[in-house]
Amino acid sequence: MKLVHPLMKYVRPGAISTATCAGCGDGIMAQAVLRAIDELELNIDDFVFVSGIGCAGWIPSPFFNADTLHTTHGRPIAFASGVKLARPDRKVVVISGDGDLAAIGGNHLIHAARRNIGMTVICANNGIYGMTGGQVAPTTPLGLKTTTTPYGNVERAFDLCALVEAAGASYVARWTTYHARGLTRSVKKALTKRGFSFIEVLSQCPVQYGRRTGVGNAVAMMKGYKENSLSVKKAASLNEEELKNKIIVGELVDKDSPELTEEIEKVRRIHE
Amino acid sequence: MIEIDEDLCKGCEICVAFCAKDVLKMSDKFNKKGVHPPLVVREEDCNLCGNCMLYCPDLAIVVAEEEESG
Amino acid sequence: MGKEILTGVYFMQGDIACAEGALAAGCKFFGGYPITPASEIAERMAERLPEVGGVYIQMEDELASIAAVVGSSWTGAKSMTATSGPGISLMQENIGYAVATETPCVLINVQRGGPSTGIPSIHLQGDIIQARRGSHGEYKIIALAPASAQEMFDFTIDAFNLAEKYRTPVFVLADAFVGHMREEVIIPEPEKIYRVQRKLRDSGTSGGKFRGFLDEDVAPMPIFGYGFKTHVTGSCHNDFGQRNVIDAEALDYYIKRLNNKISKRAHEIISVSQDMDGKEVALISYGSCYRAAREALNILEDEGMRQVGSFRLITVWPFPRVQIQELARKVKSIIVLENNLGQITPYVEAAAGGQAEVIFLPPRVLGTLHDPHAIVDKVKEVIP
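Chains as they are written, first to last, in the working numbering: chain A, 1 to 272; chain B, 1 to 70; chain C, 1 to 384.
No lab work stands behind these hints: they were computed from the structure. This one's a predicted model, so the numbers in the text were calculated from it and none came from an experiment. Hints may be right or wrong, so weigh each one.
List time: in silico DSSO-like cross-link candidates among lysine-lysine, alpha-carbon distance up to 30 angstroms [what the hints assert, rightly or not]:
{"no.": "1", "chain 1": "A", "residue 1": "Lys234", "chain 2": "B", "residue 2": "Lys21"}
{"no.": "2", "chain 1": "C", "residue 1": "Lys28", "chain 2": "A", "residue 2": "Lys9"}
{"no.": "3", "chain 1": "A", "residue 1": "Lys2", "chain 2": "B", "residue 2": "Lys25"}
{"no.": "4", "chain 1": "A", "residue 1": "Lys2", "chain 2": "B", "residue 2": "Lys32"}
{"no.": "5", "chain 1": "C", "residue 1": "Lys209", "chain 2": "C", "residue 2": "Lys256"}
{"no.": "6", "chain 1": "A", "residue 1": "Lys91", "chain 2": "C", "residue 2": "Lys199"}
{"no.": "7", "chain 1": "A", "residue 1": "Lys226", "chain 2": "B", "residue 2": "Lys21"}
{"no.": "8", "chain 1": "C", "residue 1": "Lys28", "chain 2": "A", "residue 2": "Lys193"}
{"no.": "9", "chain 1": "A", "residue 1": "Lys223", "chain 2": "B", "residue 2": "Lys33"}
{"no.": "10", "chain 1": "C", "residue 1": "Lys3", "chain 2": "A", "residue 2": "Lys266"}
{"no.": "11", "chain 1": "C", "residue 1": "Lys279", "chain 2": "A", "residue 2": "Lys91"}
{"no.": "12", "chain 1": "C", "residue 1": "Lys209", "chain 2": "B", "residue 2": "Lys32"}
{"no.": "13", "chain 1": "A", "residue 1": "Lys246", "chain 2": "B", "residue 2": "Lys21"}
{"no.": "14", "chain 1": "B", "residue 1": "Lys32", "chain 2": "A", "residue 2": "Lys9"}
{"no.": "15", "chain 1": "A", "residue 1": "Lys226", "chain 2": "B", "residue 2": "Lys25"}
{"no.": "16", "chain 1": "B", "residue 1": "Lys29", "chain 2": "A", "residue 2": "Lys2"}
{"no.": "17", "chain 1": "B", "residue 1": "Lys29", "chain 2": "A", "residue 2": "Lys91"}
Hey, can you work out the whole structure from these sequences and the hints?
Structure follows, in structure tokens:
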């Protein structure tokens with residue numbers, strides 16, 4: 001008897017052979033998200049997935065067999081806000097890359113977090129602009145030589161989780177593709193939590209990052225995530241010097257705050 | 001039981017690298033994409049951890065408990 | 001619960017009339033950002049939408065505003081935004097997205113002095129070509145030009161109906177004059193207001209291959225939330241919403257289908273109002289300039305001159321090329337009145353094809369209405 005991957009039932013017919021490079025972390029993220037939906041026994045037809053431009057935008061589009069809105073660059077959170085405001089009963093999930101969500105889309109990210117609008121945003125952070133050939137991103141480490149920083153990057157990288165936490169999100173977590181199980185747990189938490197959830201996932205780009213910069217292939221990059229990451233708890237006992245170049249993984253923020261569509265509904269009820 | 005859909009595989013080798021029990025090895029054959037898919041070489045050592053299945057970006061590998069027969 | 005249609009007779013500001021027109025059309029979502037001279041529309045929608053079970057959201061910028069409008073429209077809600085030239089400039093990419101994904105929505109542009117920051121509270125017809133060609137790529141658009149506070153109400157309803165019928169963004173090209181003026185506005189009984197709803201995919205269907213895009217006769221919209229598993233993308237796609245970024249044939253199909261949807265029905269969409277029977281000179285105008293044309297004709301009639309008539313564009317886009325071709329064969333001269341340096345004038349010249357002389361006449365000072373006497377003087381120059 002032939003085994004079928006348990007998550008195949010969520011994949012759009014004809015879309016199973018994906019366009020991602022060999023070893024791309026996007027596929028691991030796609031699985032982790034679908035696994036969360038599967039384990040929660042949620043109906044994927046209750047979702048609207050929204051993604052932007054960049055390789056990570058292809059995680060749900062066209063791969064997930066569900067209502068999917070693939071938007072212009074940087075704007076999935078703004079489009080998703082319109083979907084959520086008009087249909088608060090939908091589970092709205094944004095999956096996109098670090099350039100899309102935090103560079104061109106940065107403004108929409110911080111305002112959605114500020115509004116605490118009920119959606120889950122999963123950010124594939126590969127530290128580079130992969131789709132366009134390996135240019136520097138706001139998340140690229142200082143010093144890295146990319147196609148547009150041929151002499152070494154002189155800009156500091158964002159701490160995306162700190163940014164979103166400061167903006168007011170209810171749930172913030174960071175994982176890497178090595179921590180696929182932790183990622184699934186966080187997605188499950190985010191999907192059942194009120195308010196704005198943000199999950200950053202360090203995800204390997206083996207071609208535009210790994211090969212171009214000499215860091216290595218997908219396996220090397222994932223091993224790097226494994227070796228350089230530590231839990232929130234462990235990080236709390238280390239000093240700044242010890243934390244340099246380390247990846248802190250786990251849940252960073254988990255709080256409860258008024259959610260935007262609920263507050264809007266309260267205003268509407270005054271008029272009934 | 002480990003099932004590999006050879007033609008979905010892109011030859012990234014993540015499954016081989018993250019198997020704690022060395023159950024998998026990259027084969028010498030070529031699939032339709034022109035890359036080497038993995039091969040199950042030590043199925044008896046598999047402890048069903050599921051790493052290979054979870055980490056495959058292309059959903060090309062499935063691990064499940066053996067069905068009881070009869 | 002508040003009323004969507006506030007039947008009655010009012011002394012009302014144009015911007016407010018526009019907002020009431022949207023509500024009368026069944027608008028349930030407004031995503032916008034404040035900008036002079038359109039902010040009053042946002043303010044009115046913020047007050048009225050919660051009363052009628054709708055949603056007002058002030059987004060962080062205009063790009064987010066139009067994005068939210070498109071997202072909302074994909075859940076089935078009639079959605080709009082209102083801004084001015086600088087805002088439309090910011091929205092262009094997502095306007096193109098709305099065209100490409102065939103998303104019904106209404107865009108109110110209360111035009112102001114430009115380029116750039118210009119003068120926010122002075123009117124100009126500076127964004128006419130922008131409405132037609134502001135986004136990149138090859139596409140068609142629909143745009144209406146109101147000339148009074150009443151028309152701010154009426155034409156906004158028309159804009160929603162056109163957007164729903166043709167699954168496209170529709171512009172209402174107002175300006176600071178018409179937006180900020182106060183005039184009598186009559187809001188009729190609900191029975192007298194005609195509303196068009198977009199064709200929807202039958203909610204009983206699911207799975208399988210459904211053609212939700214690129215039908216020249218307008219595909220039923222497979223909105224979100226019904227298990228249709230709709231895939232919406234601004235990339236080149238086929239009838240099923242499947243992306244194809246490889247084949248030129250796919251691009252050719254995508255472009256032609258999107259464009260033909262509008263151009264095939266141009267004759268139904270185009271609306272002009274003219275009284276050109278037996279006339280020799282035509283005054284072509286649209287929007288607020290029509291008021292000056294009307295006044296000039298009154299003066300001429302008082303003086304016993306009856307050879308001049310008005311040809312007014314209610315829809316500026318699609319452009320009434322055929323009608324102007326016919327007009328040019330019948331008249332000697334066409335005077336185009338625009339409050340800019342000639343944005344539809346080249347289109348008029350092309351359509352006239354040398355059959356009639358075409359004279360562009362702006363107001364003496366851009367940003368003001370034409371002095372009707374200046375129009376009269378120009379007419380007298382060309383009268384045979």
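Hints and how they fare:
no. : hint                 : result
1   : A:Lys234 to B:Lys21  : holds, 28 angstroms
2   : C:Lys28 to A:Lys9    : violated, 35 angstroms
3   : A:Lys2 to B:Lys25    : holds, 21 angstroms
4   : A:Lys2 to B:Lys32    : holds, 20 angstroms
5   : C:Lys209 to C:Lys256 : holds, 22 angstroms
6   : A:Lys91 to C:Lys199  : holds, 25 angstroms
7   : A:Lys226 to B:Lys21  : holds, 18 angstroms
8   : C:Lys28 to A:Lys193  : holds, 27 angstroms
9   : A:Lys223 to B:Lys33  : holds, 26 angstroms
10  : C:Lys3 to A:Lys266   : holds, 19 angstroms
11  : C:Lys279 to A:Lys91  : violated, 62 angstroms
12  : C:Lys209 to B:Lys32  : holds, 28 angstroms
13  : A:Lys246 to B:Lys21  : holds, 28 angstroms
14  : B:Lys32 to A:Lys9    : holds, 23 angstroms
15  : A:Lys226 to B:Lys25  : holds, 21 angstroms
16  : B:Lys29 to A:Lys2    : holds, 21 angstroms
17  : B:Lys29 to A:Lys91   : violated, 44 angstroms
Checked against the numbered hints above, the structure breaks hints 2, 11, 17 and satisfies the rest.
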